[in-house]
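K.L.:
Chain by chain, the residues run as shown.
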Amino acid sequence: MSSPSSALRAGSDPYHLGHHNEWIGTEPEYTGARSGGPAPKRIVVGYGFWIFILSDVIMFSVLFASYAVLAGNRAGGLGPRDLFDLRDTAAETALLLLSSFMCGMASLAVAWRNQLWTQITLFITGLLGAGFLALEAREFTHLVSIGAGPTRSAFLSAFFTLVGCHGIHVTVGLLWLGTMMAQLLTKGFRENIRHRFLCFTLFWHALDIIWVGIFSLVYLIGTILP
Amino acid sequence: MSSTQDPHIDPAISQQLLRSRGADAGSVVGEDRLPGEPPEATPGALGAEIRVYVYGLLLAIALTVAAFWALHTPLIYGPGIMMAIVALAVAQMGIHLVYFLHLTTAPDNINNALALAFGVLMVGLIVFGSVWVMAHLNHNMMPTQQLLQMQP
Numbered sequence: 001m002s003s004p005s006s007a008l009r010a011g012s013d014p015y016h017l018g019h020h021n022e023w024i025g026t027e028p029e030y031t032g033a034r035s036g037g038p039a040p041k042r043i044v045v046g047y048g049f050w051i052f053i054l055s056d057v058i059m060f061s062v063l064f065a066s067y068a069v070l071a072g073n074r075a076g077g078l079g080p081r082d083l084f085d086l087r088d089t090a091a092e093t094a095l096l097l098l099s100s101f102m103c104g105m106a107s108l109a110v111a112w113r114n115q116l117w118t119q120i121t122l123f124i125t126g127l128l129g130a131g132f133l134a135l136e137a138r139e140f141t142h143l144v145s146i147g148a149g150p151t152r153s154a155f156l157s158a159f160f161t162l163v164g165c166h167g168i169h170v171t172v173g174l175l176w177l178g179t180m181m182a183q184l185l186t187k188g189f190r191e192n193i194r195h196r197f198l199c200f201t202l203f204w205h206a207l208d209i210i211w212v213g214i215f216s217l218v219y220l221i222g223t224i225l226p
Numbered sequence: 001m002s003s004t005q006d007p008h009i010d011p012a013i014s015q016q017l018l019r020s021r022g023a024d025a026g027s028v029v030g031e032d033r034l035p036g037e038p039p040e041a042t043p044g045a046l047g048a049e050i051r052v053y054v055y056g057l058l059l060a061i062a063l064t065v066a067a068f069w070a071l072h073t074p075l076i077y078g079p080g081i082m083m084a085i086v087a088l089a090v091a092q093m094g095i096h097l098v099y100f101l102h103l104t105t106a107p108d109n110i111n112n113a114l115a116l117a118f119g120v121l122m123v124g125l126i127v128f129g130s131v132w133v134m135a136h137l138n139h140n141m142m143p144t145q146q147l148l149q150m151q152p
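For the record, the sequence lines run as chains W and G. If you're matching positions, the first sequence starts at 1 in the numbering used here and goes up one per residue. If you're matching positions, the second sequence starts at 1 in the numbering used here and goes up one per residue.
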């Protein structure tokens with residue numbers, strides 16, 4: 001193959017009508033969008049995992065839709081206003097948001113190849129995530145203990161399915177987080193490890209985005225329903 | 001970069017184009033980067049990168065506090081509170097996408113943005129479609145008592 005710039009020259013316009021000239025000399029970085037062959041692996045990896053995240057979000061949207069439809073069907077039982085403690089919700093929101101922020105800090109530490117800060121920030125990320133899970137587990141056991149378990153009404157079935165599914169995602173994310181910490185420690189900042197870490201940060205940030213939907217729709221809007 | 005400049009174009013302008021290609025791609029961060037991807041580790045850039053995350057965190061906290069505040073405020077018309085909370089949630093999701101995931105429409109990122117657009121379309125169809133259809137069914141359904149009386 002001839003050099004990229006001469007290949008581009010053949011297709012460029014001498015009167016600069018298009019935008020080709022902006023990209024001359026930069027083809028290797030922009031291969032996915034311009035001429036010059038397949039995209040680099042990090043772009044393909046990120047895109048593939050992004051597609052997975054979006055399909056996960058679509059799955060959550062079905063659970064959101066079920067909750068929105070079933071929130072009023074309480075079979076004579078208690079509704080969101082009586083069952084939910086919004087102080088717990090606020091604490092869970094804060095924990096998960098800070099965890100997402102610390103995950104961002106960890107991605108910077110990885111970019112700067114600082115092992116110590118990578119481990120510290122990932123550990124804090126995991127600690128905050130575990131705190132979130134503990135609060136959620138406490139809430140669930142409290143609900144079940146007062147007879148408002150998932151079998152009580154359609155509203156509670158939808159609630160436990162949606163919020164529980166998010167909780168399972170966070171649990172799996174914590175396992176993945178521990179794995180990433182160990183791999184970064186023992187294998188270093190190798191390219192394939194960084195690709196895995198990129199996928200993990202995507203996953204963790206996406207969980208926080210889904211939680212924004214949960215605390216808004218399930219908890220806040222739930223408590224203003226009649 | 002300067003070694004492969006286009007001879008058709010004035011070197012000064014060419015340099016400017018090369019420098020501005022990231023900034024005019026519609027990005028707050030100003031770089032073509034994948035969602036969640038860390039930046040290039042250039043000396044001195046760490047402070048700016050941390051600042052982006054801090055801005056995102058502060059905006060997210062502000063929107064969360066606003067959502068909790070909107071729940072009980074007398075300033076918003078009662079039936080409109082639900083829409084206010086939905087709007088604040090959508091805004092916060094946007095903040096997360098831009099400041100934490102660095103989603104832009106720059107060339108290497110455009111496929112991610114398009115996939116996201118499709119995802120948003122699907123989520124919208126599923127959630128609003130379900131709520132709409134089920135609310136109408138509920139509204140038009142004959143009350144159970146009448147239904148029982150119609151049985152022979």
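Heads up, a few of these hints could be off.
So the derived list for chain G, only partly shown, Cβ under 7 angstroms to chain W, looks like this [unchecked claim]: (1) Y55; (2) V98; (3) L101; (4) M122.
Hint data in this document are derived by calculation from the structure and do not stem from the laboratory. Cβ atoms here follow ideal geometry from the backbone N, Cα and C, with glycine treated the same way.
K.L.:
All hints are to be evaluated individually against the structure, with a verdict given for each.
P.N.:
Taking the hints in turn, this is what the structure says about them:
| no. | hint | verdict |
| --- | --- | --- |
| 1 | Y55 | violated, 11 angstroms |
| 2 | V98 | violated, 11 angstroms |
| 3 | L101 | holds, 5 angstroms |
| 4 | M122 | holds, 5 angstroms |
The structure fails to meet hints 1, 2 from the earlier list, while all remaining hints are met.
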